[in-house]
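Protein sequence lines correspond, in order, to chains C and G.
Per my numbering, residue 1 is the first one in the first sequence, and the count goes up by one each step.
Per my numbering, residue 1 is the first one in the second sequence, and the count goes up by one each step.
Please keep in mind that the hints were generated in silico from the structure rather than gathered at the bench.
A portion of the hints provided could be inaccurate.
Below, computed lysine-lysine pairings styled on PhoX-like, alpha-carbon distance capped at 25 Å [what the hints assert, rightly or not]: (1) K317(C) with K286(C); (2) K34(G) with K668(C); (3) K668(C) with K42(G).
A short list of chain G residues far from chain C (calculated; beta carbon distances all over 10 Å) [stated by the list, open to error]: (4) F3; (5) I28; (6) K34; (7) K42; (8) D43; (9) H46; (10) Y47; (11) L48; (12) H50; (13) G51; (14) P52.
Glycine residues also receive a C-beta, built at the ideal position from the N, C-alpha and C atoms.
The primary structure of each chain is shown beneath.
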Amino acid sequence: MVLVKERIRVIGLDCPTCVYSIQRNLGKLKGFYNIEVDLSSGDAVVEYEHGECSLKDIYRAVRDAGYDLLKERMLLALHELDESEVSTVESKISSIAGVLECRASPVTKLVSITYNPLSISGSEIVGRVKSLGVRIAGFPEESLGKEYGERSLLLRRLSAFSIGLFAILYTTISMYYGLPLHRESDLLLLSLAAVAVAMGFDIIIKGTRSLAKLSPTMDSLIALSVSTTLITGIAGVLGFIEWRGGLHSASFFEASAGVMGFVGLGKYLEERLRRRAFRSLEDLAKTLYGKAKVVEEGGVRERSVSSILPGEIVEIKAGEIIPVDGVVIEGWGYVDESSFTGEPIPKFKNADSRDPVLAGSILMSGYLKVRVTRASRDTVLYHIIETVREAQFYKPKVMRIADRVVGLLTWAVIAVTFLTLIHWWLLVGEPALALMFSAAVLAVACPCALGIAIPMVVSIAVLRAAKNGLLIRRGDVFERANEVSTVLFDKTGTLTAGKHSVRNIHLIEKSIDEEQLLHYVCSVESRSEHPISKALVNYCVERGIKAESPSEFIHMPGMGVVGFINGIRVAAGNLELMERLNASRNDGAIELVREIGSNGFTPVLIAVGDRVLGVLEIGDVLRSEAKSIIKELKIHGLKIGVVSGDTNASVSYYSKILDLDLAFSELKPDEKAELIKDMQDKGERVMFVGDGVNDAPAISSSFIGVAVGSGSEISRESGDLVLTRSRLADLVFFLKLSRAVKRKSIENIAWAFIYNAILIPVAAGLLYASHGVIIKPEAAALAMIFSDISVVLNAMTLLTKK
Amino acid sequence: MSFKVDPVCGMQVDPVKATYKTIYRGEIYYFCSKRCKNLFEKDPEHYLKHGPVGMLQ
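Using the sequences plus the hints, can you model the full thing?
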């Protein structure tokens, strides 16, 4: 029994209650002893029994309690990561002390490691990973978009392919014309086979190495198949094997050359296809690690983008990619933003209207000087790239099972090969046929397709979504979207355009005039971020009313704001706020509130001191698309509702004209969250669509939280999904895309499974006795490559989905 | 700005940073956590009369 002490830092602690709930959760863990927490910093020391309990369990328990641990994430690019190696690599790296989570993606050959920086450093992890026998190719942040000597590889693959093809044609033609296969042709084919195998030697070495480590991969199967046929052929030439039934050494040499040629080129093409899908994004990513022209005192200087700080000024000329997020302060130009919006027509950006630009968009013509608002890791582009990367590591339950199956499948194939060999050689007494069948089984088996079936689909879908203005924050939203039963919308800014205007100002008491009232309102609202507050402040600016800064400011979510102006308490908000503040209000005011609401508008009561002096009538317009979107969602069989902080009268007005199934009014942000939790406890799966900043609690407690983004604020917003173009129509596209993702995943998995289940037995000679069917190893290899590539192509059709 | 006292558990709370607050009878109260806020809203008079009870459990 070894007691381990480790330092961690808990995030989100704000009072002793939190510590209790964490302790309660940890107490349930087996082998856990003690935790001591410093409340102010969150620093903690945990004690647990090594072997019984691990940091991973503690991490999970803390997360379950609703808190988080300080953690860091690193990405490693591996030289080789086969579908069948994924689970081995993951479990090896997870076993390093201090590592909290490890996920590997066979699609990009990247490994994402989450670790506790207080117990292990990044460089220590790299050292440990190396010592586990995993070969690291680089650290993707720096090596993005690097070319790996592709041209010479292509040449090698192509020549191996042509040699294989030539060998096959040569033997087929000779047999067709009944030419006897002489010793000379044996030797010719042997040399062809030898050259082909030499060209694909990297595959053979990789395969043999992983076989030696007892974790066989796709390549091991190929290596076994090729060496079996080659050695059999040579044995034949040397006279060790007595040929019968039309088989010759030549047929075996032909098989090894064919398998090598087909597999080599096929794998190469598949790899290229996979990479091409991500190429556009990787190209954009380069801009974040490239150089930019910074305008400094004394001239323009080229500097690396990562050194640029917000507030600096960057110069962009026509044809260049904009390297930062920022605002145009000089010049004008047409900017291609299709990477973010899918909109092919360049947008006009102008210094006069201080237009925002995003890193990764291209200045088609013109000249811009841009003041930087965000650079490198804070940019919208970086967030999109991160999500696409994250999605590649995403594994639904099916995938976890598939991963394990792939590992087992390779062993199963080897076992089947042995059985085939034993059956045909020992029981039937056909050694040559036995070897031919065995080589075919090895070449036909295709565990790869199973391994990339889902991750490939999900990554492509994330990419497709990004082009349509959907920023996906977690890979499982597609899976979840198909289970949603109810969609709840926030009203203000989501169903409505969020363009508020002051329609009317009602003075309740004559002791104050409009100007004075507005002065108070706008001063107290000036510190709030609520859309209505912003509208009020704008209104004052338009009317030329000056606002001052409140000496004290309190924002009461879902009720309004309270502040002190020149020592006088000013409140702007709903009836509940006035009640709680004990502000006196007469019947006239209450009647006004009801009337304003029943017309679909929002009343804002204003109290100065302890009296309600006026009511502002705030109007908003329904989004033009809202009606048609809701109709379309209903066709999908979803229940649609609205949850709002607005008055009952106003909400029921909108609920009626939109024909909604559910309507909830007068809810504060955390009450919305609770309502959603209640509904979910009753078995509903709720998708909540709202403003990413003000509705954060509701978004995070729903089954899928959708933030209607305002474009420039993406990094601040919560939500599993962000509508970056702030268009509700994109939501319908998302649901359709999710369905397509499900369909494609099932198709891919089913295809890969059926393929193996049918072709492996046939290759083993199951139909030989009855129907005389033989799958030659080279034909088997062709089938395998075809199956592999078809899975990738099937996933890629999502890119063109409308 | 000075710290305010959480009327439920007695902790010092920074009003500028506090996420949990409520208004009762015209006064603003700040809380360290959602739990304290919920307890207060269930029975505000109890806490105002008896003062903070400290950590429960």
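Inset, instruction - Starting from the hint list further up, note which numbers the structure goes against and sort them upward. - result: 5 and 6
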